[in-house]
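Enquirer: Take the given structure of chain A and dock chain B to it, following the hints.
Listed below, chain by chain, are the residues.
Protein chains: 2
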Amino acid sequence: MNPINEQLTNPKSIAILGGSEDRSKPGGAVLHNLIKNGYNGYIYCVNTKGKNIQGQITYNDIGDMPHVDCAILAIPAAACPDAVKTLCSKKGCRAVIILSAGFAESGPEGSLLQKQIVDTANKYGAVVIGPNCTGIMTERYSGIFTTPGSINRKSGVRTVDLISGSGATIVYLWEQSIVHGISLANVFSIGNSAQVGAEDILEYLDGTYIKGKSSDVIMLYLESIPDPEKFCRHAASLTGKGVHITAIKSGKGSDGKRAASCHTGAMATPDQAIESLFRKAGIIRASGREELINIAAVLTYGKPEGNRLAIVTHAGGPGVMLADVLNSYNINIPKFTGKDAELLKSRLFNGSSISNPIDFLATGTLDQLMAIIDFCEMRGDVDAIAVIFGSHGLSDVAPAYRAILDRIKISGKIIYPIFPSTVNAAGAIKDFHKKGGVTFSEETDFAKAFAKVALCPGCFENDPAPAIDIKSIRSIIESSASGFLSPGASRMLLDACGIERTKEIIAYDRKELVNAAIEIGYPVAIKVLGHVHKTDIGGVSLNIADENTLITEFLRMMHLKDCRGVLVQPMISGTEVYIGAKKLPGFGPLVFCGLGGVYTDAIKDVAFGLSPISRKEAQYMISSLKCSLLLKGSRGKEGVNGTVFAEYLRRISALCRAAPEIEEITLDPLIGNNKKIIAIDVRIRIS
Amino acid sequence: MNPINEQLTNPKSIAILGGSEDRSKPGGAVLHNLIKNGYNGYIYCVNTKGKNIQGQITYNDIGDMPHVDCAILAIPAAACPDAVKTLCSKKGCRAVIILSAGFAESGPEGSLLQKQIVDTANKYGAVVIGPNCTGIMTERYSGIFTTPGSINRKSGVRTVDLISGSGATIVYLWEQSIVHGISLANVFSIGNSAQVGAEDILEYLDGTYIKGKSSDVIMLYLESIPDPEKFCRHAASLTGKGVHITAIKSGKGSDGKRAASCHTGAMATPDQAIESLFRKAGIIRASGREELINIAAVLTYGKPEGNRLAIVTHAGGPGVMLADVLNSYNINIPKFTGKDAELLKSRLFNGSSISNPIDFLATGTLDQLMAIIDFCEMRGDVDAIAVIFGSHGLSDVAPAYRAILDRIKISGKIIYPIFPSTVNAAGAIKDFHKKGGVTFSEETDFAKAFAKVALCPGCFENDPAPAIDIKSIRSIIESSASGFLSPGASRMLLDACGIERTKEIIAYDRKELVNAAIEIGYPVAIKVLGHVHKTDIGGVSLNIADENTLITEFLRMMHLKDCRGVLVQPMISGTEVYIGAKKLPGFGPLVFCGLGGVYTDAIKDVAFGLSPISRKEAQYMISSLKCSLLLKGSRGKEGVNGTVFAEYLRRISALCRAAPEIEEITLDPLIGNNKKIIAIDVRIRIS
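Protein chains in written order, with the numbering used here: chain A, 1 to 687; chain B, 1 to 687.
Next up, chain A with everything else stripped away, as it sits in the complex (with noise of 0.2 Å):
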């Protein structure tokens, strides 16, 4: 059950513990926040000195205290587990905000604390935000310390959500949430969230979603995701429902950069399976908190249609950057052309420009403006509008804001406001931000966050499983040791999943060899048996036309170490893909996928999906290669059956669920033509 309750978002009463008159405390600052932003039930501060506090009535000691809802905790953390006792104990307090540092992000001791106040709460089935957190907000009361932290929604306006495990980051963000006019709603501050983590605030924020008036787009900075599949859950849900995410998550690191080979596990790195997470939820990442807040106030104005923006200015570099930027993300930027496109530029100064960028000139006027919007309006090749106007500083720009902003609330198609002028133009912006307009002050900023909008291609809706033979599954696992399987053991469970594989003999003598080329029929392969690094070793040996040829190379291979025997294969001409998973601590199996050769290694062109994979997701992941130009064919050469490679994922995603047990598994290379793929190697480890 999730743990935020009414008693957290929406309580009659609040206690401050530490409350102070000191607002430069975290007591004085949250005491008072709480008054100013017009917190309407009782507020009780606890403080051992003192009485009225900041006009509230004041209680020397807690015991003193009348029942309260929802606890805020400014106290010294080794005060706090039997604070949190009391209050839930004898106060019926259903909700704890612990502001106070000292728990688990400083060392042992600290993290006993916190646990003993979970202990505590969820005895009494309380809430616990924290501890080491700045607070939350709701629509019913503002309990954050830090400033700014007022509460600024205004009707009719869409508002963002802020989830964050950063209390610094949430004070940062909401600055510029400020300086682009953003309005707030929920903020959560989740600190060390030694109970609620952000799972938890999504699971709440999908469960209470109501379309028109709850938020409709959520930011978040995270540093770690305990509960991903929680996580993704509800994230898909919200976006399904229309909601619009974007994310931070940082700590990336640098592991899989590093890595030899991408063929292998080695790049299936946690970050690697939070950029899938993030896509199977639909959830916009963000790397900077410059690029999250251009994203949120992208979102705040819904996404568009499509991706065919009209761009109007009256400065002609920033028009030309923006355009720059979106061919940087290869979208196209229509160009206007034909009798309306000359009428429209009849009525604009002379050496305006209208192909798009539409550039009216720094001596344009408001109704000349008006009438460009009106032309982008009519036209079906244009899905959204960006508006950049600055301000020289000669004349006063707010009427021609003010126009925009009119315009913006009225018109069928989204218009973005760019305001570059954040100096000479300064209170025009803060105005057209009270009145509830959202504007971006940087041309190319604002591009790549509209391209990241546009090109998100949503969440991924699940498909049903596709059927592979689970019951031999198990059985074929459950009578394996861990660590490599058999060929053998391998084989059946590729035929268990049905994926094609290569036929193949094992000849451990000249006769059994002679015999099984003879069967395949030249060209053959010869790979030793047993050996994982096969390649390394010289343990394979390719296009083998003769038997003279065969018994050479088996004479050879027979003096590698350790060598038993060869596994005899037929020569298959097409191109080498391959696809592997591996399992990640808390994520699951990460599926990957690519095509063979040492270019690709070179760049690192792999492409990454957690289990499960829909079809849809499948294909994206295929798309998304650096090289999937290559899987359609070129030059005369043929391609790799594109449905089949994406079946061919799900499989071996169902595959690793249906057995857990496997670490990782590569199947390299697998070989395609425009009708099948077939794998030639495989290699499962399991634990």
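These are computed hints drawn from the structure, not numbers from a lab.
Just so you know, these numbers come straight off a predicted model, no measurement behind them.
Keep in mind that the hints are not guaranteed to be accurate.
To be verified - Calculated pairs, DSSO-like style, for lysine-lysine (alpha carbon to alpha carbon, straight line, at most 27 Å):
| # | chain 1 | residue 1 | chain 2 | residue 2 |
| --- | --- | --- | --- | --- |
| 1 | B | Lys604 | A | Lys452 |
| 2 | A | Lys430 | B | Lys25 |
| 3 | B | Lys452 | A | Lys604 |
| 4 | B | Lys637 | A | Lys637 |
| 5 | A | Lys534 | B | Lys637 |
| 6 | B | Lys632 | A | Lys604 |
Expert: Here is chain B on its own, set in the frame of chain A:
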């Protein structure tokens, strides 16, 4: 000779034509700005109406005005040519700044006006800035009509010069400079560049550069570079003197992306030429205003000795995000361990982290911060220090900011101040700027800028050109018709350049064919003569091991359209690479290279360099290939000799300069191993 003169940069008198009381007009605004910024020469106002405009001597007729050094024109375009004539011929004026629009940007009539002005100015040796510009600022005066436009140099502070082809972009960049605390020294709005372009201003800055007095950082915003060679010469000269240049060149286009193959010249677009030009001159390219300003801000601190950054933060999140971005650029941050690090940790609060990022917590003190900086300054593995310091709004950060600034001024290592709280700490940040500090507000924007600065190789100085046989080259070229060169002439050109080529014999019949194969030695390759796209029509047959196959393939090829004979070559094994060059108008030959194969084509992995190419630049080009690791050899496969590859790039570059008739040249493939590289096929088109 550079048109920029003393009358422009340091005029004893300035006339404002169209000077006005109305400060919402350019003529009024520029006059106001000139007065407000304390210009101490004579100011004459010329206006048909009014007197004593803004308290200045005002003439209703230009004829009454005394001699003047410099004139700023804010009058209708049509009136400018006559005004310039009067100024130059009768008033001794040798510097004209034309703010007015309505010239080349608005059509052919305007172009004519512009030309008349330049002709007059050239006749009298006068300089013309603009038209259609916002003015200039020098050490002596501010002749800018937009805001901001005030002289804000502070003594002892590194200044930045700004040159822009877009007037609005100057406004916005200037506003951003204020936000970051950057002091601008010289500002040039070049407008239509009728006479003076960015090249000329760079030449001027280059010619007048005085270490310690001139700005050491230049920001450029450009939409075109009419004279790339001049641009490159002076930019490289400036960077050679220790000046840092960062530039936006917008209007990148997207043609190169659509090119089917990068082995041909199709990828050699003007934007690739710009990229190469900037690299050659040591210019750091930015793609947006915020990136440009962040790079400039980093550069105001000079270039650090290395890229080993210590990250000091009292907010966990931003420190991790900063490290993530550096990792993404393959810049590893040093990890701090050992006795000193433990000692430092003991001085910090519980829960602090010292491994890098050094996180001293939100509650950390100023003393602790100073101890951390001491620690970083002592370490041999730290080149520079980034300090992230925001405000949660409870206390005043001004004392900390003052201490940081004091430290910046005396520290032996660069300290970059990242102050994210642009709202909470707005006043303290402003104060920091007033005292000469330059700040960053977003850690990932800083990190990207730092990475670009740290990874910039600097300008590439020229080596002596490689010794090629220019006499032979000229004779071959001059005796060839335009179009594709014959195989014989192409081969001779390679020989004249000292590029090794494969042995080859032409065979027109079976007998010649069989003899040729015997002479060359099996296996051989045969290729039809005379076709440019041989592969596409089946005109190439490789790996022919015996006479039977040879004859079969020959007979097949002789049935291809227009096939008169074949070329017989030995099969050479090794790694395929290619080199090409294409003449780009204005830029000269753009040389390119890459590894062969469909993969490198699919990901457009190609490196470019403008001729002439120094040894270092050639090596840089090769190492910048995404697949460059493969050139070193991998998985037991031999690599390609990098010295020879680089030398061939230089020789092709030299060939194109010796024979400017060459429009396009492609050596594809060349086959290389550890010792040598041999050209297999070459195509050369001349004009």
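Enquirer: The structure should be examined with respect to each hint, and the outcome stated for every one.
Expert: Now the hints, each set against the structure:
1. Between Lys604 of chain B and Lys452 of chain A, the direct Cα distance comes to roughly 22 Å. Compliance with the 27 Å bound is thereby established for this hinted pair.
2. A threshold of 27 Å between alpha carbons decides the hint, and for Lys430 of chain A with Lys25 of chain B the separation of about 25 Å falls inside it, so the pair holds.
3. Among the hinted pairs, Lys452 of chain B with Lys604 of chain A is consistent with the structure: their alpha-carbon atoms are about 22 Å apart, no more than 27 Å.
4. Between the alpha carbons of Lys637 of chain B and Lys637 of chain A the distance comes to roughly 24 Å, so the proposed pair stays at or under 27 Å and holds.
5. Simply put, Lys534 of chain A and Lys637 of chain B have alpha-carbon atoms about 16 Å apart, close enough for the 27 Å limit, and the pair holds.
6. Restraint check for Lys632 of chain B and Lys604 of chain A: the C-alpha separation of about 17 Å stays at or below 27 Å, so the hint holds.
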